[in-house]
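Participant: Listed below are the residues making up each chain.
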Amino acid sequence: MKKGVNKAFKLGQATLDVHCFGSGDPLVLMHGADGVLFCEPFLDALSARHEVLVPCHPGWHGSSRPSHVKTVRDIAEVHWEFMESLRGPVPIVGLSFGAWVAAETALLARDMVNILCLISPVGIHVGNRETRNFVDLFAIAAEDRRKVLYSDTGYAPRLGEVQSDSVFLELAKAEEAFARFAWQPYLHDPKLVHRLRRVSASTLIISGEKDAFVLADGYYAQYAQAIGDNARHMKIPGAGHRIEEEKAGELAAHIHRFIAEESTNVVPARRMRG
Amino acid sequence: MFRTYAFTEMPYPYIPGEEVMRSNRTNIPNSWYDPDTGQQLYKKYIDILCAADELGLDIMFNEHHSTMSCTDSVMPLMMSTIAHQTRRARLLALGNPVANRPDPVRVAEEMAFIDVLSGGRLECGFVRGVPMEMSATNASPVDMKPRFYEAIDLIMKAWTTHDGPFSWEGDFFHHRNVNIIPRPYQTPHPPVWITTLTPGSVAEIADRGYGLATILNGKKLCKAIFDGYRSRFAELQQPAPHLDRFAYLALVFVGESDAEARQEARKLQWFIQEQRRTLPQFIDVPGYIDPRARASVLKNAAHGGAAELSPGRLDFNSFAYGPIDPIVEGGFSFFGSPDSVFEQMKDFFHSVGGFGNLLAMMHSSTMSYALTRKSMELFAKEVLPRFREEVYEPELRALGLDGTLSAIGGVPSSPVHRTALHGTAQVLP
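Top to bottom, those sequences are chains A and B. Just so it is clear: in the first sequence, position 146 is 146 by our numbering, and no numbers are missing. Just so it is clear: in the second sequence, position 367 is 367 by our numbering, and no numbers are missing.
Extracted from the complex, chain A is given alone in its bound form:
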């Protein structure tokens, strides 16, 4: 896990563990299911031009989970308070499950979010009631999980080489937290697709051309359509679902470019308070 500067934010009953990397205009990163365990190269690339603030979702890493936080929208309510602590507005980048959290946060903290980059986002359901949108990660073998999440399993974390007990503890905590929020309905909130039209931030959706985890045809394009004219979708050739682990530099470059282009139209962000 990449070491940054950790800051603890007390937000009501929640203590939010915020990992801070790099310097520059601030950018908030909403991490995916595994927290920040396996995305060190991406954090390096992203923080080359920005101060990257990663508020860990309640239940992940050092962030506590108040008992009432039971849904992704509840997570977003916690992050909303965090966003209000920034002298925003700021861009948010979300990774897969974290992109779902980012979309919910952008809906709540509308004035605090000017740019949204959703990387392999989940959170909506497309098609009819029998359209399986995602591979059921809880019903397949570990080896098959690697095959569906990565275009090349060589990019998957080499856990067999990891000796540190703390990594496995963080992973166990992250997987429990993911199960809590993603179990049912599986990886989506049926209402989100109807709310997305209220996203006001300029939005870029990036997916991997070889994403084998998302099964529904045109899923990401429909995600962009649900947001509206302020959203567009692009694919990265050769990438699977976890683009940040497979194409860290290329993904960061797309994000930097989008933020630079869109920042000419938006109010500059300021540094985090405190």
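Fair warning: there could be bad hints in the mix.
Straight line, CA to CA, 16 Å or less: simulated EDC-like cross-link-like pairs of lysine to aspartate or glutamate [to be verified]:
{"no.": "1", "chain 1": "A", "residue 1": "Lys-210", "chain 2": "A", "residue 2": "Asp-152"}
{"no.": "2", "chain 1": "A", "residue 1": "Lys-70", "chain 2": "B", "residue 2": "Asp-171"}
{"no.": "3", "chain 1": "B", "residue 1": "Lys-223", "chain 2": "B", "residue 2": "Glu-329"}
{"no.": "4", "chain 1": "A", "residue 1": "Lys-70", "chain 2": "B", "residue 2": "Glu-329"}
{"no.": "5", "chain 1": "B", "residue 1": "Lys-374", "chain 2": "B", "residue 2": "Asp-53"}
Covered stretches of chain A (chain B as the covering partner; in silico rule of three or more C-beta atoms under 8 Å from a C-beta of chain B) [unchecked claim]:
{"no.": "6", "segment": "101-111"}
{"no.": "7", "segment": "247-259"}
Using C-beta positions, here's what the derived DEER-type ranges look like [as the list claims (entries may be wrong)]:
{"no.": "8", "chain 1": "A", "residue 1": "Asp-144", "chain 2": "B", "residue 2": "Trp-32", "range": "14 to 24 Å"}
{"no.": "9", "chain 1": "B", "residue 1": "Asn-300", "chain 2": "A", "residue 2": "Lys-7", "range": "33 to 43 Å"}
{"no.": "10", "chain 1": "B", "residue 1": "Arg-208", "chain 2": "A", "residue 2": "Glu-161", "range": "45 to 55 Å"}
Everything labelled a hint here was simulated from the structure, so no lab data went into it. Cβ coordinates follow ideal geometry from the N, Cα and C atoms, glycine included.
Mind docking chain B on chain A? Use the hints.
Facilitator: Just chain B, lined up with the frame of chain A:
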């Protein structure tokens, strides 16, 4: 009185081998299940359980889902069938997987229905549910323990409230108007049992005064679990718990000779063999166990180890395929002639500090009605009366418990206690 509950998981054993189908649960297509055969099997299982009643044994039921190893997928339905067809056996539900059931009030209704239909013969168990059930039941694997106990608390209140509706706004369940009809036959409610496989979960069961059941743990682990319960009572400065609060589940086969019993015991080992046919991802479900414990499971798996169904117990390969002697000597099963099974149970009884209920899995795989009945009959006629007379009752006398009854979950387990709150009515024919 020492009780023995006859038990079968009601398997559908006519499935292909592991070389064709690695898994027998959760994801096995139900095309492997033939309903005509299934109907014959249900009739056989009903006959076996009715024979248990006739022979003086009690009867245990359980339920599992999406699996060929247990086709009693809706336990209350089979309990109702048996309640109607039997006259004397106590009927133990072990149990209701209430952390997986969306509505505990419905469970309270089902159990009250069976208690009334059976004339107060229900013993009501609650189980947390195995990890393999999480996908089949769609229940979240996180927060199972608090959900489990909130469900039981709601069921207990539904059973014991007799002055009209109450409301319930818990962490997991919300009801505006709980008012079950029928109410249970037994007053204040049927005896309550909870199953555990580990000593760490015992105190919370003892604190609530519920009966304690454990499964296939062998002498050493069973003793640790029973000792934990007794110690908790001592810590709470309560009288030592009666022996009838303790239950142990073992595979049981009684033959006319040891040689015959050992041969037939292989058919009961099938149950263990089938437990191994579960894919690792349905055993190691995130959230089902504490992350601190699961971290070592993840590390073990990452470094090439296999996920274990029940860490710390007899290894499954040995239990499933190994020689009979270690299985019997460890107290995991009772196999033999009537004399041998008597001695095995006596040894087990004294090894674990005594217990009052044997949950006897006496049928599995393709065992016929005739074979199962023969074993049950030998047990009922040549083992159980002798065990009661020579082991259980002397121990009760030694403990000063002769003639007393326990209060499992606040009520005696027998005879039936019933209170007519508003008098009785004559039912017209």
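Participant: Next, verify each hint and record whether it holds.
Facilitator: Cross-check of the supplied hints:
| no. | hint | verdict |
| --- | --- | --- |
| 1 | A:Lys-210 - A:Asp-152 | holds, 10 Å |
| 2 | A:Lys-70 - B:Asp-171 | holds, 11 Å |
| 3 | B:Lys-223 - B:Glu-329 | holds, 15 Å |
| 4 | A:Lys-70 - B:Glu-329 | violated, 48 Å |
| 5 | B:Lys-374 - B:Asp-53 | holds, 14 Å |
| 6 | 101-111 | violated (count 0) |
| 7 | 247-259 | violated (count 0) |
| 8 | A:Asp-144 - B:Trp-32: 14 to 24 Å | holds, 22 Å |
| 9 | B:Asn-300 - A:Lys-7: 33 to 43 Å | holds, 35 Å |
| 10 | B:Arg-208 - A:Glu-161: 45 to 55 Å | holds, 46 Å |
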